[in-house]
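Residue numbers (our numbering), protein chains in the order written: chain A, 1 to 328; chain B, 1 to 328; chain C, 1 to 328; chain D, 1 to 328.
Derived by calculation from the structure, the hints in this document are not laboratory data.
Hints may contain errors.
No distinction is drawn between identical chains; accordingly, a pair holds when it is met within one copy or between any pair of copies.
As the list claims (entries may be wrong) - Each computed BS3-like pair below joins lysine-lysine, with the alpha-carbon atoms no more than 25 Å apart:
id, residue 1, residue 2
1, 7, 233
2, 310, 7
3, 54, 214
4, 92, 230
5, 218, 62
6, 62, 3
7, 310, 67
8, 239, 214
The structure presented is a predicted model; accordingly, all values stated were derived computationally and were not measured.
Protein chains: 4
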Amino acid sequence: MPKTIKKIGVMTSGGDSPGMNAAIRSVVRTCAYHKIECVGIYRGFEGMIEGDFKSMDARSVKDIINKGGTVLKSARSQEFRTVEGRKTAHDKLIEANVDALVIIGGDGSFTGALIFNNEFDFPVMGIPGTIDNDIFGTTHTLGYDTALNTVVEVIDKIRDTASSHNRLFFVEVMGRDAGHIALNVGVGAGAEEILIPEEDLGLDRLLESLRRSKQSGKSSSIVVVAEGDKIGKSVFELKDYVEANMTEYEVRVSVLGHMQRGGPPSCFDRVLASRMGVKAVESLLDGQTNYMVGLLNDVMALTPLDHAVKGKTKINLELLRVSEIMST
Amino acid sequence: MPKTIKKIGVMTSGGDSPGMNAAIRSVVRTCAYHKIECVGIYRGFEGMIEGDFKSMDARSVKDIINKGGTVLKSARSQEFRTVEGRKTAHDKLIEANVDALVIIGGDGSFTGALIFNNEFDFPVMGIPGTIDNDIFGTTHTLGYDTALNTVVEVIDKIRDTASSHNRLFFVEVMGRDAGHIALNVGVGAGAEEILIPEEDLGLDRLLESLRRSKQSGKSSSIVVVAEGDKIGKSVFELKDYVEANMTEYEVRVSVLGHMQRGGPPSCFDRVLASRMGVKAVESLLDGQTNYMVGLLNDVMALTPLDHAVKGKTKINLELLRVSEIMST
Amino acid sequence: MPKTIKKIGVMTSGGDSPGMNAAIRSVVRTCAYHKIECVGIYRGFEGMIEGDFKSMDARSVKDIINKGGTVLKSARSQEFRTVEGRKTAHDKLIEANVDALVIIGGDGSFTGALIFNNEFDFPVMGIPGTIDNDIFGTTHTLGYDTALNTVVEVIDKIRDTASSHNRLFFVEVMGRDAGHIALNVGVGAGAEEILIPEEDLGLDRLLESLRRSKQSGKSSSIVVVAEGDKIGKSVFELKDYVEANMTEYEVRVSVLGHMQRGGPPSCFDRVLASRMGVKAVESLLDGQTNYMVGLLNDVMALTPLDHAVKGKTKINLELLRVSEIMST
Amino acid sequence: MPKTIKKIGVMTSGGDSPGMNAAIRSVVRTCAYHKIECVGIYRGFEGMIEGDFKSMDARSVKDIINKGGTVLKSARSQEFRTVEGRKTAHDKLIEANVDALVIIGGDGSFTGALIFNNEFDFPVMGIPGTIDNDIFGTTHTLGYDTALNTVVEVIDKIRDTASSHNRLFFVEVMGRDAGHIALNVGVGAGAEEILIPEEDLGLDRLLESLRRSKQSGKSSSIVVVAEGDKIGKSVFELKDYVEANMTEYEVRVSVLGHMQRGGPPSCFDRVLASRMGVKAVESLLDGQTNYMVGLLNDVMALTPLDHAVKGKTKINLELLRVSEIMST
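Can you build the whole structure from these sequences, using the hints too?
Right, dumping it as structure tokens:
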């Protein structure tokens, strides 16, 4: 029979994303609502090993629902990859009377959580926090919707310059393994082409498409490129290639970088974070462990953590077609 | 056998919402993609009766994907409520060789479309455009997501003042018959209470909740009120009532009004609009009529227009509970 | 010879405005830079009387430069209007070894500061913080520039709806005694008319102007109205009047309210606040008292507090003319 | 005696900046107000040579006051650098009955204008449009204020990630020859150090400053670097240098790029543009030529174009000191 849970630890791990603070707030307040204790663990697994804990009550999370980043900070931990490191972490949790963990993060964090649970039979629950939306078991990860808006607003600004000067811009957006951001902002910002890790458009087709676009009367163009696009060229190489093969355009490059991960969360991400925090805590209190909470068909759902880690999300192929039609 | 569709008319009707322009663009470009003609109908049914049409090709909708409002304008039409008015409208469409209609609007517009189809057997397809999200057959109407972000950002600003002065604010948001906006922005902005048309919280419980909130250490509070809240009091009456019954708070009121309907659409609304436009045109070309395109379980789906009009959307009761927990 | 200043108290008073936090941060860090102590006084004169003080060092003001509102809170104090109240306040300051005060606020706060200095010979320095820009001795008060951007962005959204529906909007903005906000946002948002406390346009001229605007081909119009406009009618009365006398327009009203006072400060306000904080502290350390720091011809300048209180700012009449030309 | 001016041409030239459209609108409407004709010249001097002109009346500039970029487009022209090119341009203007020019642009555009006036005695008036604020004769160029806000908002987002991960970020902002943007956003975003073209901080001092910052308890830092910073190292080289010499920080780099030039103009830039357009047209009508309109001590002023081109703007050294104090 599982031990009754009287104190829950909450932490953020991996890259930060908008909505993490809203999720922390939700975990803390759901604990308060159910009259159990809550402890914030700083700097992810690193702080867990160091016992960098802080008691949190309902008032300690006020005014953070609209803040980007994570008040609990995040860090990578080499030490947690060792048995000794995890042993120390477990000791610290026991010492602090922590009975269960809510881990807000991505694939890597969930893998760590699974190993930890396996070794110490310690209840863990995951909340998917990453802008990349590349986690199986949820249609939306925390921060993804916010990042889409951030990027679309930036491309709107770049388009002002592009169309004033009749230029072609290659805009690199985040997404090493997944094209969700590129695909959606490409459609949302009216990009002429979208290059993603999942599909190889081919350089020839890119040139052809840009030429057709020019002929159809467009004076400027935006091409959105995911970091890990299948063509395997950086935006700078793409610029050189296009300039060498097309004289119709002056080409410019913009690498959006880290700004995509910050900023106040969108309403959607705040609501999602609030729902996920409630679901995560109440699932632990119900005796569940090794799950990730997620949004499936607009409803909160649990997915086994190992499925979340191993499962593969798919891009929405309908959007590729929509993008092609919109580039008419 | 239905006539082959060679020319589609597109119009916006009813209150404007962000994403309408993106939907117009999508309809026009999908027509261009399928090499059929497209005609913009200005000022809704009013312009249809007057024959206020304009040919649109792929280039005529450039640079509008990110604009609020509707370039085709919108209007109410008394005349279209008469048989004669509709007859004239039909004549104008025939005269202009228009074979089918895409109508972007809400309940009232769809009702008009159904009557029109019934009388003249004219193919019609609806796209739900309203910030209220009160249309059956889609989890999201066009503009709803944008409005949520607009309102949450405004309440963030009001909270700056509320917490600097230890005040209680009643913030009135749109939603005469539906509490979707109020419920989501209430959770997203961290409101202490949310008053909606679907649930009667009762004045006593409101006072009690505000008192508990004060006792728990909160120095300021936001109460989000939908226009059509069940208690049936305006925000001004609520202010008076609370001030008469609680001396702990200085109370202020803010009626957000029309700004909620404008602004550049969010990425979500732009993508949704693009998908809906494609689906609407291709459904007409497939010989379908009297449907509304919508988003159900993240997939484009058709709902019979009469269901869309008569069906009742439900608020997400889970969110009411999340809100209560978050107010701990 | 004035006493050497070793500890400075900083407070915010009156209505909050964006940039107040940036000014607090600047005062605190300038104290740290000069190795003197700094004390935050909560809730203005009210907290001064209650001795609600908190030691502040350079780190206690991190991450507030971009926050609206005031972390020191603000309040009105009836008690400070009495001799006894001020005596208690002075006792508390002496008890806490505070040698001088920086007061961030408006007219009322400065008047209180002058009386206090007069009674106890206590060094005081003012920083003008209000969105209304109605303080003599500075071309820009803290928060004014931010408020202009906030309002212009909101009117841009209202215009989306206005032009989609061919409507006339009366938009009420802050400014009971001063038309600075109305005048600038009116020009910035492309309003057809601007009603301010300083000039009486007259109802007849308003109607005439709206008629001319309609005839010149404009389908929608925005009229910006300052709270204290000279015509002396509320926006609701203006609506009724215009609807009774013009049938060309459907009229709508929007009262922007408190949102105008919140939000992250603009870059200008953050820089201004940083400069003002440095100037205020260093002026006190130089032995100055009873001054307000301000921006005159882009340079930091001191104005005697009594001039700041009694002096009258003037609106820029050039802008009225620009507005008229732009409404062509 | 100068010829009476009956038709004015307006063009944008050089890099685009927010507020150019508002200035075009102002020029066009001021012409309409004074009942003279106005012609838009597309793509700068290039379009002038090609006779790419379009008649503009008050209605043709509606709904552009809040748009970034330039509806008249901009381009570089090699041909205008030749006598023949300028001769052709002059012929085209004469042919179109254009009597005077308003040129919205920067140094290069003004130099072209001066040569053109010198050769053909053609009246020209300049409006300074560039985000760099590096033009003599105005405290603010069009677009500068907007760019400051754009950059500060982006750095706020980057700071979310920086402080969540205890990182040091080098953020490169525009400014090849002038540090105005870097200096102001550095202060406004609370940067620890600011590297600008006008001052050589030195790599040693940079390291020292970062170390001191770390010791004082700061866990993350932002260093703002102007493109043309005096140290002469790119942000990537700075990253390598700091990582080689400090192990305390994980370092990241962000190059903001073209997004800094786009977006809706701030209220300040819209008002400034409106004022400048009126002043430019009315100065031409008054018989003035070879001037640039500018803002000096908050008042519209004329500066001879050759002074504007040759004069050197100075950075505000007070801000460097404020920045140092704020980094305490």
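Hints, verified against the model:
no. : hint        : in the structure
1   : 7 <-> 233   : neither (49 Å within a copy, 42 Å between copies)
2   : 310 <-> 7   : neither (30 Å within a copy, 48 Å between copies)
3   : 54 <-> 214  : between (59 Å within a copy, 23 Å between copies)
4   : 92 <-> 230  : neither (44 Å within a copy, 50 Å between copies)
5   : 218 <-> 62  : between (49 Å within a copy, 9 Å between copies)
6   : 62 <-> 3    : neither (31 Å within a copy, 41 Å between copies)
7   : 310 <-> 67  : neither (31 Å within a copy, 41 Å between copies)
8   : 239 <-> 214 : within (16 Å within a copy, 39 Å between copies)
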